[in-house]
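**Q** Residue-level listing of the chains:
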Amino acid sequence: MHGWTGGILRVDLTNRTWRRETFTEEFALTWIGGRGFAAKILYDELAPGIDPLGPENKLVVAVGPISGISAPNTGKTVVAAKSPLTGGYGDGNLGTRVTEKLRRAGFDALIVEGRAERPTLLYIDDETVEFLPADEMWGKGTYETNEWIYARYGKGAGVLNIGQAGENLVRYAVIRSMEGRAGGRPGMGAVMGSKLLKAIVVKGSQPIPQAFPAEMKTLGREDLRAVRALDQESAWSKQGTTGVLSWCNEVAALPVNNFRRTHHPEAWRVNGEQLQAATVAVYGCPNCTMQCGLAMLDTERRESELDYENMGLLGPNLGLFDITQVATLNYLCDDYGIDTISGGGVLGFYADAVERGAAPGDIRFGDFEGFRRLLTAIAHRDGEVGGILAEGTLRAARVFGHGSEEYAMQCKGMEISAYNCKFIPGMALAFGVSPIGAHHKESWVITYEIQQTPRESYGRDKAQKVIDLQRIRGGLFEAIVSCRFPWIEVGWGLEHYPKYFNAITGREWELEDFWPSADRIYALIKLFWLREFPDTTRRDDYPPHAWFDPQNADTEGPIAGRILEYDRYDELLQHYYDIRGYDHRGIPTRETLERLGLGAEAAAAEAHATLG
Amino acid sequence: MRITLRLVGGLAHRLGFSEQERELPAGTTAGALLAALGIEDPGSVITTRNGWGIAPDETVEEGDRILVSPPFSGG
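Each protein sequence line maps, in turn, to chains A and B.
First residue of the first sequence? That's 1 in the numbering used here, and the numbers climb one at a time after it.
First residue of the second sequence? That's 1 in the numbering used here, and the numbers climb one at a time after it.
In case anyone wonders, no lab produced these hints; they're calculated from the structure.
These numbers come from a predicted model, not from an experiment.
Glycine included, C-beta positions come from ideal geometry on N, C-alpha and C.
Any given hint might turn out to be false.
Stretch-level coverage of chain B by chain A, calculated; a stretch enters the list once three of its residues show a Cβ under 8 Å from a Cβ in chain A [stated by the list, open to error]:
(1) 7 to 19
(2) 45 to 51
(3) 59 to 71
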């Protein structure tokens, strides 16, 4: 079998044992890798209803067939588990040297089971696995932990680690790697923490199996140069993702004060131009020639790496427009290992709830020092409020009550990324049907909506566009495991990816050959959710009430008086279900599951829930 | 007529300004405005007028705020 190592490393932290397992070519071609492997493994191996923070949950680290090879932006790895934040399937990806090293150690996936007796560092070197004490690093932040690991294993080692948030089971704790990489928004860091797993270090020295290595080497080298040239021509990485902030402000899609407002006259103070001017260093993922990790100095003169999501949610969403203050909150999130999107979402929600008298406290929008203290309290679960907010917006709203759930800005329990969809129906749908809870990575339909269709439309074309993008972003890129940015940001054509896949695997796939597996992965993830929530309804695919509340409509600006409409959103949702072949609850029908080759998985689901 | 032209992201870096007031002849279309910036393919950028999408053949009006951005995807 070319293209995959054929190996899975299974580690049991409870018994301190490990073994190498193999998978078949049929498994590889059915699930491709990354998210596909993770979803299949977790569906088959996790019993419904388990505690996501208990030893019975499993952490899957998975790469794809083109991961780690010398080609544009192939340095990504998927981390997945049952989510402590949503209770459903959870995953994320991050740039890390683990990608290449895991493959060179002979594995396409790592499954971590059980719970260690004491803080542990899992060390993997080719086929050697060691369970090493990490007590001295327990309680330390991710930056110090990373340096501690580099000092012992060298900077070339692949590293995944967690900070205090993961240790203290903050439900939106992430996994971190390298200088500024983070992934696993749905609490993957908390899953590591629940297993007392402080870090994973991977070294590997074997060649990555490739069908046509010489051809791939030439192709990869040329294409890395080509992507660099495209980036230089477009100047994209001068501001990276933060260039989008001014655009969102202009089109009334920026989250301001817990998404209450959609634009703000002071937003220019925290935009891409300000970051570009303040940039002191640039970081990126392995195999990247368009690095977007722009770092500036925060209020304490520490390097803080900003992107659009953390600028938007830790800035305007909190009523903050001093970019150095935003950088400080971002630094703290990164060091504690708090997801910056959920962190900003939770703080904004809390300030809103306090302002409306629903929650105790004196925090106000714009209170930088207050937010800074709260982040520290959340990471350590200090005090009653710190503990409540560590649970995420939805659980916090249920504690605070007083109708605050209506403005808990989340879908399926996960906080919404930095696109305010008060009047952007298709993007609201993309958040609503995202398979891991609200996340922009699955389908970024907002520019299509603003530029190519009537913004106010709830037409079938928008549902189709959401699906098209899910197939590419959540299906293709998350399974072959490669960064989507060359395609989406500098115009690197999708046709290149089957070329890499074919050079690696020896296949002759066209782009269209990936769509069945993309749809299969989405359908399987839906079954995962169904087993956990047998009483699911289409309401679970709705965004929060605040986007439908006429009293929450903008009073001035481009969308003054405009708001989403429930009936029309529901029609849009139905278009999505119809195209996907899902029933009225948003669950794949038996016919759809059979078509996607998921008959056995459907039977497994029927032991816990009904299929339509 | 007088309009405000705003560029964001890498486009501002490439063209050397982020915001300008501009005098345009009456009847200027969005496509013509882009061409004057050296952008021959309107599909290669995202263009909005006062926060709403504007097609290349639509006429720019007095007082409009036109924003041109690369087709970025967010984080």
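**Q** Now tell me, hint by hint, if it's right for this structure.
**A** Hint check:
With 8 residues bearing a CB less than 8 Å from a CB of chain A, the stretch 7 to 19 of chain B meets the requirement of three and the coverage assertion stands. Requiring three or more residues with a Cβ within less than 8 Å of a Cβ of chain A, the coverage given for the stretch 45 to 51 of chain B holds, as 5 such residues are present. A count of 5 residues in the stretch 59 to 71 of chain B with a Cβ less than 8 Å from any Cβ of chain A is obtained; the coverage claim is therefore met, three being the minimum.
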